[in-house]
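Chemist: This is what each chain is made of:
2 protein chains.
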Amino acid sequence: MIDQARTIVVALGGNALQKKGEASSSAQQRVADQTVRQLLPLIQAGHRLAVVHGNGPQVGNIVLQQEALNTPEVPTMPLEDSGAMSQGLIGFWLQQAFHDAFEVQGINKAAVSIITQTVVDRDDPAFSNPTKPIGPFYSQEEADRVAAERGYNVKEDAGRGWRRVVASPRPQRIVEAETIRQLVESGTLVVSTGGGGIPVSQADDGTLSGVEAVIDKDFGAALLADLLDADTLMILTAVDAVKINYGLENEQSLGYVTADELSRYIDQGHFAAGSMLPKVEAAREFVGKSPGRRAIITSLDSALEALEGRAGTTITY
Amino acid sequence: MIDQARTIVVALGGNALQKKGEASSSAQQRVADQTVRQLLPLIQAGHRLAVVHGNGPQVGNIVLQQEALNTPEVPTMPLEDSGAMSQGLIGFWLQQAFHDAFEVQGINKAAVSIITQTVVDRDDPAFSNPTKPIGPFYSQEEADRVAAERGYNVKEDAGRGWRRVVASPRPQRIVEAETIRQLVESGTLVVSTGGGGIPVSQADDGTLSGVEAVIDKDFGAALLADLLDADTLMILTAVDAVKINYGLENEQSLGYVTADELSRYIDQGHFAAGSMLPKVEAAREFVGKSPGRRAIITSLDSALEALEGRAGTTITY
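Protein sequence lines, in the order shown, are assigned to chains A and B.
For what it's worth, this note's numbering labels the leading residue of the first sequence as 1, then goes sequentially.
For what it's worth, this note's numbering labels the leading residue of the second sequence as 1001, then goes sequentially.
Treat the hints as calculated values from the structure; they're not laboratory data.
Careful: at least some of the hints might be erroneous.
[Claimed, not checked] Simulated restraints, written as ranges between beta carbons of each label pair:
#, chain 1, residue 1, chain 2, residue 2, range
1, B, E1185, A, E141, 43 to 49 Å
2, A, R30, B, A1273, 36 to 42 Å
3, B, K1155, A, N129, 51 to 57 Å
4, A, D123, B, Q1105, 26 to 32 Å
5, A, G247, B, D1123, 57 to 63 Å
Just so it is clear, CB atoms sit at the ideal spot from N, CA and C, and this is done for glycine as well.
Sequences and hints are given; from them, build the entire structure.
Modeler: Right, dumping it as structure tokens:
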């Protein structure tokens, strides 16, 4: 039973858009359609949804396509531009999937995607240690050349060659948050903050400039949920619950945990960097700011059950 | 003197985003910044603006980048997906340019871009005679191959080789119009319907599917202006006014014309297909539907003067 209408920020992981190795437009749109069908019961229950999506495989491919040509007439665009393109692409797929589901189910609701900029801090320590590989593999010679010519940071990637690496700074502010809030409150399904948002830095005069970086979409979703003062942040991923002692004999799924309990598990090293760690950190950050908030980490399949408290991991203040 | 606050749909031509041959991101963003500075007086005068932009050079480059790789892992996306990417890219540039101008001028206003789908009719006669070239040049052999493998229509292009051609159907409906209207009415600067909108067709059950076509952005802007019931459709282009007897001794700029007068000039063949013709047709279509509407065709430089009736061509009912 649903107790009340909530504002829910849903963060969709890579598996919500793409099955491994099926990169065609039609294959990705089929997965998006399936994802939307699984989210529909939340909307039918009366909740207001703001959807945030990842963009790793899609922006990766856009960068590869850009690098494959790169002539004066068709130059490679900076990474933030590829991020903007991926928001357009994935936003189109998702808003069409929601539109179609609403039509078929007779739900009178609009679905739109908002291009979203996320302000990052130029002094974020992430910029002094870029770690996220992006774009094609290079020989050491090529890597030296692009580093010199374009100012790229390059790193050797586990024996497979050299790649560009960029920073993954923490999101500080979502520029379009007020518009997103206005639309969500009026009942519109809003897709935004794709890939965590297009990273921008803000100068002293208030103007913005694109930054070649990537933002973790779970931190972006947590920030959006905070700015919307959402009731619930729902991080949907490939597993049905957060686990401690993962892969060991005493592995245990977490049902309900407080932010403090979760902090202890984080400190004890239960969660893998780049995988479950950013999700639990994002969840803790969101709920830790205000009592009454909750974060849910679960799989797409279990979304509705988890919202009703019968599946997944629920993190409270 | 401004008489009253109006809702104005502004259609930006290619010259508002790119100078010939300057395709880099920074060069295009400089042009976008300049464009926005020229539109600012309209906003400062209290008018509500909805901005529609073209995407020809940008989507053309995205298609070339896609075709340059096209592997199973990084497949070429259909044309509607490239259109969506171009909306993300150009929307990002424009909304950032507006944001920055608002910050510097102390204007308290949000600027957002909405990914926009435009419904076209599968029975539109344009589909039986596709005319818009897109993508790379092919040899006749390659053209035959892509035609067979991908179902492309190909045509010989003025001795320069073969190219894919797609249809340019008339826009019938803008799917996200109600959200755009809501935002514009509440004072938000909205960028939408980029490249005329992403072409989609609607099935009997209401669901949408992407269509590999291009939509004329001026017709898209006229349709948006109609759906928003805007006061003014402003088509900004490279020339300061519509001209009859263009290039002849008796060439004459049009100041004020009615839709009927404009129709006569159209019938007399004064306007070049693919250039001024779609602009005057879009203008006539918008004003012809309701008295009190007006359309303005002028250059970016003359936008404010034209709105005050002191420059450009004004078309009334």
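Chemist: Now, for every hint given, state plainly whether the structure supports it.
Modeler: Going down the list of hints, with the structure as the test:
no.: 1; hint: B:E1185 with A:E141: 43 to 49 Å; verdict: violated (58 Å)
no.: 2; hint: A:R30 with B:A1273: 36 to 42 Å; verdict: holds (40 Å)
no.: 3; hint: B:K1155 with A:N129: 51 to 57 Å; verdict: holds (53 Å)
no.: 4; hint: A:D123 with B:Q1105: 26 to 32 Å; verdict: holds (28 Å)
no.: 5; hint: A:G247 with B:D1123: 57 to 63 Å; verdict: holds (58 Å)
When held up to the earlier numbered hints, the structure conflicts with hint 1 and nothing else.
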